[in-house]
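Engineer: Listed here are the chains, written in short residue letters.
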Amino acid sequence: ETGVTQSPTHLIKTRGQQVTLRCSSQSGHNTVSWYQQALGQGPQFIFQYYREEENGRGNFPPRFSGLQFPNYSSELNVNALELDDSALYLCASSLGTSGSSYNEQFFGPGTRLTVL
Amino acid sequence: AQSVSQHNHHVILSEAASLELGCNYSYGGTVNLFWYVQYPGQHLQLLLKYFSGDPLVKGIKGFEAEFIKSKFSFNLRKPSVQWSDTAEYFCAVNAKPSNTGKLIFGQGTTLQVKP
Chain A
47 ETGVTQSPTH LIKTRGQQVT LRCSSQSGHN TVSWYQQALG QGPQFIFQYY REEENGRGNF
107 PPRFSGLQFP NYSSELNVNA LELDDSALYL CASSLGTSGS SYNEQFFGPG TRLTVL
Chain B
26 AQSVSQHNHH VILSEAASLE LGCNYSYGGT VNLFWYVQYP GQHLQLLLKY FSGDPLVKGI
86 KGFEAEFIKS KFSFNLRKPS VQWSDTAEYF CAVNAKPSNT GKLIFGQGTT LQVKP
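Residue numbers (the working numbering), protein chains in the order written: chain A, 47 to 162; chain B, 26 to 140.
No wet-lab data here; the hints were simulated from the structure.
The structure presented is a predicted model; accordingly, all values stated were derived computationally and were not measured.
No residue lacks a Cβ here, since even glycine has one placed at the ideal position from N, Cα and C.
Worth double-checking, as some hints may not be accurate.
[Claimed, not checked] Per label pair, the in silico range of CB-to-CB distance:
no.: 1; chain 1: A; residue 1: Asn149; chain 2: B; residue 2: Lys86; range: 18 to 26 Å
no.: 2; chain 1: B; residue 1: Gly87; chain 2: A; residue 2: Gln63; range: 44 to 52 Å
no.: 3; chain 1: A; residue 1: Gln63; chain 2: B; residue 2: Gly78; range: 48 to 56 Å
no.: 4; chain 1: B; residue 1: Trp108; chain 2: A; residue 2: Ser53; range: 26 to 34 Å
no.: 5; chain 1: B; residue 1: Ser105; chain 2: A; residue 2: Leu129; range: 26 to 34 Å
no.: 6; chain 1: B; residue 1: Pro104; chain 2: A; residue 2: Gly62; range: 51 to 59 Å
no.: 7; chain 1: A; residue 1: Gln63; chain 2: B; residue 2: Phe76; range: 24 to 32 Å
no.: 8; chain 1: B; residue 1: Pro104; chain 2: A; residue 2: Asn125; range: 45 to 53 Å
no.: 9; chain 1: B; residue 1: Pro104; chain 2: A; residue 2: Ser53; range: 19 to 27 Å
no.: 10; chain 1: B; residue 1: Ser43; chain 2: A; residue 2: Arg61; range: 42 to 50 Å
no.: 11; chain 1: A; residue 1: Leu113; chain 2: B; residue 2: Phe76; range: 26 to 34 Å
no.: 12; chain 1: A; residue 1: Arg103; chain 2: B; residue 2: Gly54; range: 34 to 42 Å
no.: 13; chain 1: B; residue 1: Arg102; chain 2: A; residue 2: Gln63; range: 44 to 52 Å
no.: 14; chain 1: A; residue 1: Pro54; chain 2: B; residue 2: Gln132; range: 20 to 28 Å
[Said to hold, decoys possible] Far from chain A, some chain B residues (derived; all Cβ distances over 10 Å):
no.: 15; residue: Val36
no.: 16; residue: Ala41
no.: 17; residue: Ser43
no.: 18; residue: Glu45
no.: 19; residue: His68
no.: 20; residue: Gly87
no.: 21; residue: Ser95
no.: 22; residue: Ala112
no.: 23; residue: Ala117
no.: 24; residue: Gln132
Here chain B stands alone, though its shape is the one from the complex (with noise of 0.2 Å):
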């Protein structure tokens, strides 16, 4: 069965640090891969997608995200958090080919910056 493991469940950083919050996935097959985000009150928000192409994505607010195929690994970064970026991160996948858009996600990483 597909499953999504984040490593990180609860982050605790200064404003200016450096971010790194790891994801892995176990599937055989092709997947795409999301990092979704949910700031305190809000909805789930796409952060960041990977499909295909340069395993480098780049998303919203200075994240980025490295997919390392040969790891099954597509870690989330950010080289200077802001106490804004204060919520809860989510890694999920998509197996290819799918005819849904079912989504598994990881149990999630609780970021907090302090200011």
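Pulled out of the complex, with its shape left as it was, chain A reads as follows (with noise of 0.2 Å):
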């Protein structure tokens, strides 16, 4: 069973410029979501996709938007990056099903983004 993976690693950014971020989903899952965690603080969820459309959305700004594709597997996108946008962004998947509370959400290893 293939875990959650990230891609890139680490990533280097200037302000003002746009980043995409791409995660793996765990073999079986059909749900990703996101979080994006600071330095020395918990992770903060962005959003969630279910089954190629956002399914919640947490208290960020629109230029945080995300697509989902039909093998499960995810994208994160970032427009006019800000200086406090450099984090660790994590991304999560679980399966999940229609109108489900909550199911087990298995964490990659994050995408180190570092705007300059």
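Taking the hints as your guide, dock the two standalone chains into a single complex.
Structural biologist: Structure (structure tokens):
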């Protein structure tokens, strides 16, 4: 069973640029959640995708957007990067069913984004 | 708004000492509760979870946690820590009912166990 993978591992961008982060979900999982973890803080929920549709969003501006593909892999896109976007971005996959309250999320290793 | 508070930011213990990490949440409804651990250089991993039933839950590696509804608390315990327990520990909450798996995390506690 392949776990959750994320790419790239590290990324350095400058303010104003755009970035795309990628996540491959664990085999058999159809739900992907994205979290931002700033240094010294716990992860914060950005949004979740279930069967290619956004299924909940946290308190992040619209310049944070995402996609989920038919194979359930996912992308997180961030436009107009700001210094405060520097963080570890975590992807978590789970097996969701319609109307389910919660299914265990399995986390990837994260992408470390530095904005200069 | 829902929030999770972990009172200890950095804990240093000697091997064989007992551990208790505090976690309180603010939410008036029913919740699912979790403790995650992040060992150095590794992914976030689930230590244990509480959904319903017995408020004392046991997890991996000898950890347990007790849900006290009246105190909105879910403290993590281990009777005797080992050097290998050095890691960052996160308490998290998922509010019910919910159509998403949105987890709200505390800010984390760094545990350092001295051999």
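Engineer: Compare the structure with each hint and give your call.
Structural biologist: Against the structure, the hints:
1. A beta carbon spacing of about 23 Å between A:Asn149 and B:Lys86 agrees with the range 18 to 26 Å that was offered as a hint.
2. For the hinted restraint 44 to 52 Å between B:Gly87 and A:Gln63, the CB-CB distance of approximately 46 Å keeps it satisfied.
3. For A:Gln63 and B:Gly78, the hinted distance range of 48 to 56 Å is satisfied, since their beta carbons lie about 49 Å from each other.
4. Evaluation of the 26 to 34 Å hint for B:Trp108 and A:Ser53 yields a pass: the beta carbon distance comes to about 33 Å.
5. Distance hint check: the CB atoms of B:Ser105 and A:Leu129 are about 44 Å apart, inconsistent with the given range 26 to 34 Å.
6. Checked against the hint of 51 to 59 Å, the pair B:Pro104 and A:Gly62 passes, with Cβ atoms roughly 52 Å apart.
7. The hinted window of 24 to 32 Å between A:Gln63 and B:Phe76 is violated, with their beta carbons roughly 42 Å apart.
8. At about 50 Å, the beta-carbon gap between B:Pro104 and A:Asn125 stays in the expected band of 45 to 53 Å.
9. Separated by about 41 Å at the C-beta atoms, B:Pro104 and A:Ser53 break the suggested range of 19 to 27 Å.
10. For the pair B:Ser43 and A:Arg61, the beta carbons lie near 47 Å from each other, so the given range of 42 to 50 Å is met.
11. Between A:Leu113 and B:Phe76 the beta carbon distance is about 31 Å. The supplied range of 26 to 34 Å therefore holds.
12. Taking 34 to 42 Å as the suggested C-beta distance range, the pair A:Arg103 and B:Gly54 does not conform, at roughly 20 Å.
13. Distance hint check for B:Arg102 and A:Gln63: the Cβ-Cβ separation is about 46 Å, which falls inside the suggested range of 44 to 52 Å.
14. One distance hint, 20 to 28 Å for the beta-carbon pair A:Pro54 and B:Gln132, holds here, with the actual separation near 26 Å.
15. Residue-level check passed: B:Val36 sits 15 Å from the nearest beta carbon of chain A, beyond 10 Å.
16. With 10 Å as the threshold on Cβ separation, the claim that B:Ala41 sits away from chain A holds: the shortest Cβ distance comes to roughly 28 Å.
17. Distance to chain A confirms B:Ser43 as a non-interface residue, since its nearest Cβ pair spans about 24 Å, more than 10 Å.
18. No Cβ of chain A comes within 10 Å of the Cβ of B:Glu45; the nearest lies about 19 Å off, and the non-interface call holds.
19. With a least beta-carbon separation of about 5 Å from chain A, B:His68 fails to lie farther than 10 Å from that chain, contradicting its non-interface assignment.
20. With 10 Å as the threshold on Cβ separation, the claim that B:Gly87 sits away from chain A holds: the shortest Cβ distance comes to roughly 20 Å.
21. Annotated as non-interface, B:Ser95 keeps its C-beta farther than 10 Å from every C-beta of chain A; the closest such distance is 23 Å.
22. For B:Ala112, the non-interface assignment is confirmed: its Cβ lies about 14 Å from the closest Cβ of chain A, beyond the 10 Å cut-off.
23. The beta carbon of B:Ala117 is not kept farther than 10 Å from every beta carbon of chain A, the shortest such distance being approximately 8 Å.
24. With a cut of 10 Å on Cβ distances, B:Gln132 falls inside the contact zone with chain A, its closest approach being about 5 Å.
In this structure, the hints that do not hold are numbers 5, 7, 9, 12, 19, 23 and 24, in rising order.
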